[in-house]
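Protein chains in written order, with my numbering: chain A, 75 to 293; chain B, 75 to 293.
It is worth saying that the hints were derived from the structure and are not from the lab. In this text the structure is predicted, and so the values were computed from the model without any measurement.
Derived pair list, reagent style DSSO-like, types lysine-lysine, alpha-carbon separation capped at 30 angstroms:
#: 1; chain 1: A; residue 1: K120; chain 2: A; residue 2: K286
#: 2; chain 1: A; residue 1: K222; chain 2: A; residue 2: K265
#: 3; chain 1: B; residue 1: K265; chain 2: B; residue 2: K222
#: 4; chain 1: A; residue 1: K274; chain 2: A; residue 2: K290
#: 5; chain 1: A; residue 1: K120; chain 2: B; residue 2: K222
#: 6; chain 1: B; residue 1: K120; chain 2: A; residue 2: K215
#: 7; chain 1: A; residue 1: K203; chain 2: B; residue 2: K203
#: 8; chain 1: B; residue 1: K274; chain 2: B; residue 2: K290
#: 9; chain 1: B; residue 1: K215; chain 2: A; residue 2: K120
#: 10; chain 1: A; residue 1: K215; chain 2: B; residue 2: K203
#: 11; chain 1: A; residue 1: K265; chain 2: A; residue 2: K215
#: 12; chain 1: B; residue 1: K274; chain 2: B; residue 2: K286
#: 13; chain 1: A; residue 1: K286; chain 2: A; residue 2: K274
#: 14; chain 1: A; residue 1: K222; chain 2: B; residue 2: K120
#: 15; chain 1: A; residue 1: K120; chain 2: A; residue 2: K290
#: 16; chain 1: A; residue 1: K286; chain 2: A; residue 2: K265
#: 17; chain 1: B; residue 1: K120; chain 2: B; residue 2: K286
#: 18; chain 1: B; residue 1: K215; chain 2: B; residue 2: K203
#: 19; chain 1: A; residue 1: K203; chain 2: A; residue 2: K215
#: 20; chain 1: B; residue 1: K215; chain 2: A; residue 2: K203
#: 21; chain 1: B; residue 1: K265; chain 2: B; residue 2: K215
There are 2 protein chains.
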Amino acid sequence: MAVHVGALPWVPPFAQGNVRDLRVRWALEEAGIAYVERLVSVDDQKSAAYRALQPFGQVPTFEQGDMRLFESGAIVLHIAEQSEMLLPADAVARERAKTWMFAALSSIEPYLMHLAQIDLFSAGEEWAKLRRPGAIADIQKRFGELAKWLDGRNYLEDEFTAGDLLMATVLRIPRHTTLVEDEPVLAQYKKRCEARPAFKRALDAQLATFAKHEPKAAR
Amino acid sequence: MAVHVGALPWVPPFAQGNVRDLRVRWALEEAGIAYVERLVSVDDQKSAAYRALQPFGQVPTFEQGDMRLFESGAIVLHIAEQSEMLLPADAVARERAKTWMFAALSSIEPYLMHLAQIDLFSAGEEWAKLRRPGAIADIQKRFGELAKWLDGRNYLEDEFTAGDLLMATVLRIPRHTTLVEDEPVLAQYKKRCEARPAFKRALDAQLATFAKHEPKAAR
Numbered sequence: 075m076a077v078h079v080g081a082l083p084w085v086p087p088f089a090q091g092n093v094r095d096l097r098v099r100w101a102l103e104e105a106g107i108a109y110v111e112r113l114v115s116v117d118d119q120k121s122a123a124y125r126a127l128q129p130f131g132q133v134p135t136f137e138q139g140d141m142r143l144f145e146s147g148a149i150v151l152h153i154a155e156q157s158e159m160l161l162p163a164d165a166v167a168r169e170r171a172k173t174w175m176f177a178a179l180s181s182i183e184p185y186l187m188h189l190a191q192i193d194l195f196s197a198g199e200e201w202a203k204l205r206r207p208g209a210i211a212d213i214q215k216r217f218g219e220l221a222k223w224l225d226g227r228n229y230l231e232d233e234f235t236a237g238d239l240l241m242a243t244v245l246r247i248p249r250h251t252t253l254v255e256d257e258p259v260l261a262q263y264k265k266r267c268e269a270r271p272a273f274k275r276a277l278d279a280q281l282a283t284f285a286k287h288e289p290k291a292a293r
Numbered sequence: 075m076a077v078h079v080g081a082l083p084w085v086p087p088f089a090q091g092n093v094r095d096l097r098v099r100w101a102l103e104e105a106g107i108a109y110v111e112r113l114v115s116v117d118d119q120k121s122a123a124y125r126a127l128q129p130f131g132q133v134p135t136f137e138q139g140d141m142r143l144f145e146s147g148a149i150v151l152h153i154a155e156q157s158e159m160l161l162p163a164d165a166v167a168r169e170r171a172k173t174w175m176f177a178a179l180s181s182i183e184p185y186l187m188h189l190a191q192i193d194l195f196s197a198g199e200e201w202a203k204l205r206r207p208g209a210i211a212d213i214q215k216r217f218g219e220l221a222k223w224l225d226g227r228n229y230l231e232d233e234f235t236a237g238d239l240l241m242a243t244v245l246r247i248p249r250h251t252t253l254v255e256d257e258p259v260l261a262q263y264k265k266r267c268e269a270r271p272a273f274k275r276a277l278d279a280q281l282a283t284f285a286k287h288e289p290k291a292a293r
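For reference, chain A alone in the conformation it holds in the complex:
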């Protein structure tokens, strides 16, 4: 049964390569599962039909017959359960990989999204200016702890898993800063994950869709 992935036709350049369907595309590429894009317009996102699929009106979504899912983390987990490329067979290694999936989304991503709110969505606002140093300090603390864990390792655990896939995409969020580059261990780790052919195919697919649907006004 065909897999359909909900994605956006176009977003402004600052968001390209970071929209969360990238995670799902990457997981599908790692697992060797073909998929079809389901492009969702801004009007679609507001429709009752779409809200029945995604209550918050966002992307990505995943549809395969009766299986209709949302949340990039849940979709990546669902795909990962079908492929040892993403979740090892060993019971302990499997649960460790899932621990890192949640760590990426709960212990790292919120700090980076807070900075994105400050720098990208509230730029110029007084609160954003006042809050920025504290937000940066929080990220530096977390990044230091993560770098300490990763020091001497290629991946979060012995081999690449869905935990690394989510962590690497999360580390892409502050690309308008040098926060990742300031921790060489993190920068090398991110580069190692992004060097995977499956990542490149996923990124190319997202960017190709945006290029195809670029509005005239943005050219």
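With the hints as your guide, set chain B onto chain A.
Same frame as chain A, now just chain B:
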């Protein structure tokens, strides 16, 4: 093999009943799995030994023989996979429940933690005062969308799952406000989840530990 759950001996009243080991205790109670507390002092949290178990120095942790996990979401998922009380047997229902686990942690919790940062950890700071209306508006939008989904339902899906367990604990975060009560559907849903005997046992256990370890200065 005994299950050990990492928890804090004491926290100030504003955090009691919201520390994330509550989620793990609740899941274990639903699943009928006995556990032993492993209390972690502030000094322990900074130690290399503890950082090997939890790289960010937080609670909860889960240990059962070789299985050593962190992240409340990952631990609840690990427990849920052992009990149909938390994850139904049907393949679609099971993945839907996991979708809601991630939705609670990624699509609702960060907005509430942002408000907690503003009201509880940065109270009186100028940025917090300026940012608060925007943070409240973001929560109201999300709560409205969630209430729309829950309207006419007892739980997020047909029956109570680990998704509801996480969502209910997330909805406890803004208890210093009336944000949940302002959406009667959400308030009733939260109450329905918290009426479960397993929740009460979990909450009582966390609070009993805090009572036992209350510092003299706080009395």
